[in-house]
Amino acid sequence: MKILLKALFGDWLNCIIAAIAVFAAVTVTEIGKPHLASWLMPFMLLMGAGYLASRYGRS
Amino acid sequence: MMMQVNWGMFAAVFLAACVEWVEAFTIVLAVGITAGWRTALSAALGAMLLLSGCAFAGGGLLMLGAHIDWLRGIIGLFLILFGLRWLAKAIARRAGLKDLHDEEEEFAHAREGLARANRHAAWLVAFKGVLLEGLEVCLIVVALGTKDKQLASAGVAALLAFGVVALAGIWVRAPLSRVPENTIKFIVGSMLLSFGTLWTMETMAGTRVWWDGDLSLLPLLGIYLGGGLLVAQWLRVTYNKAMEVQR
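Chains as they are written, first to last, in my numbering: chain H, 1 to 59; chain B, 1001 to 1247.
If you are wondering where the hints come from, they were derived from the structure by calculation, not from laboratory data. Please read all numbers here as calculations on a predicted model, not as lab measurements. Each residue gets a CB set at the ideal place from its N, CA and C atoms; glycine is no exception. Hints should not be assumed to be uniformly reliable.
Beyond 12 Å from chain H on every Cβ pair, some chain B residues (computed) [as the list claims (entries may be wrong)]:
1) N1006
2) A1168
3) A1205
Calculated lysine to aspartate or glutamate pairs in the EDC-like style (CA-CA distance at most 20 Å, straight line) [unchecked claim]:
4) K1098(B) to D11(H)
5) K1128(B) to E30(H)
6) K1241(B) to D1099(B)
7) K1098(B) to E1244(B)
Partner residues are not named here, just some residues of chain B that face chain H (Cβ under 8 Å, in silico) [as the list claims (entries may be wrong)]:
8) L1087
9) I1184
10) Y1224
11) L1229
12) Q1233
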């Protein structure tokens, strides 16, 4: 079970970054700017990946 | 009727599966040499059987009538979670923040640990290794394969990857350290994120959000690959400066 959960979701920080990116995209879509959301989402995910990568340097 | 194969999806599944099978193969190889091939192969077979059951159950459930848009959205979210991890690790390795995945070191480490363990523990090591890596392959197959009902071709891509890795392993008879794993992880992480972004946004805002349907995958891939390289370069410079200040 633990293996399955780890394979599906990764660690909590991974989930939080993905959730923030999706939430931001949903919000921007809801206010009527879906095209902006479609560019915002990859940008946020890329920044999130960079932040996750930077944590390896601290550990 | 001939089924149209989505070659972009096929390549993504094949590359991702190659990386996972290389890791699984390394563990099985270490167990085989240390605790005997019977132990290693029976554990690998047991894990593969369990994985086949999971793949059929998962794929079958997803193919049963669920609304394609919602299905795509949920799958997109899992691809984002998956791709984010891969891309972050690939960026960290490229920036020098994390050691490159060394199959030879992992092989030696596994072998050293196994020398102290009994046969039962060795079986469990191989079983868990193949199960964990194989589970990731299953997730990729089910996630990418359900799009346009391409589960069969996604399964073929994963099996083809398994065959290629097994043959390469037998040929070199050593851990597959020659496979440039980080490069593959960089590309596959970007591909998974691109598919995930495309499908999640399509679910939320409809297909009109992208300039040209599935072709929008190409600029997305470019953003993740190019952006990832830039972020890695920036992290490398920042990290080196911080190290100099510490000295």
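Status of the hints after comparison with the structure:
For N1006(B), the non-interface assignment is confirmed: its Cβ lies about 21 Å from the closest Cβ of chain H, beyond the 12 Å cut-off. Here A1168(B) stays apart from chain H, with its beta-carbon at least about 24 Å from theirs, past the 12 Å limit. Distance check on A1205(B): its Cβ comes as close as 4 Å (rounded) to a Cβ of chain H, failing to clear the 12 Å threshold; non-interface status is violated. Simply put, K1098(B) and D11(H) have alpha-carbon atoms about 17 Å apart, close enough for the 20 Å limit, and the pair holds.
Of the supplied pair hints, the one linking K1128(B) and E30(H) is violated, its CA atoms being roughly 44 Å apart against a limit of 20 Å. Restraint check for K1241(B) and D1099(B): the C-alpha separation of about 19 Å stays at or below 20 Å, so the hint holds. Restraint check for K1098(B) and E1244(B): satisfied, since their Cα atoms lie roughly 18 Å apart, inside the 20 Å limit. With its C-beta approaching chain H no nearer than about 4 Å, L1087(B) sits inside the 8 Å limit, and its interface hint holds.
Hint status for I1184(B) relative to chain H: violated, with the closest Cβ pair at about 16 Å, above 8 Å. Proximity of Y1224(B) to chain H holds as hinted, the smallest CB-CB distance being about 6 Å (cut-off 8 Å). The criterion of a C-beta within 8 Å of any C-beta in chain H is not met by L1229(B), whose closest approach is roughly 11 Å, and the hint is violated. Hint status for Q1233(B): violated, given a least beta-carbon distance of 11 Å to chain H, over 8 Å.
Checked against the numbered hints above, the structure violates hints 3, 5, 9, 11, 12; every other hint is satisfied.
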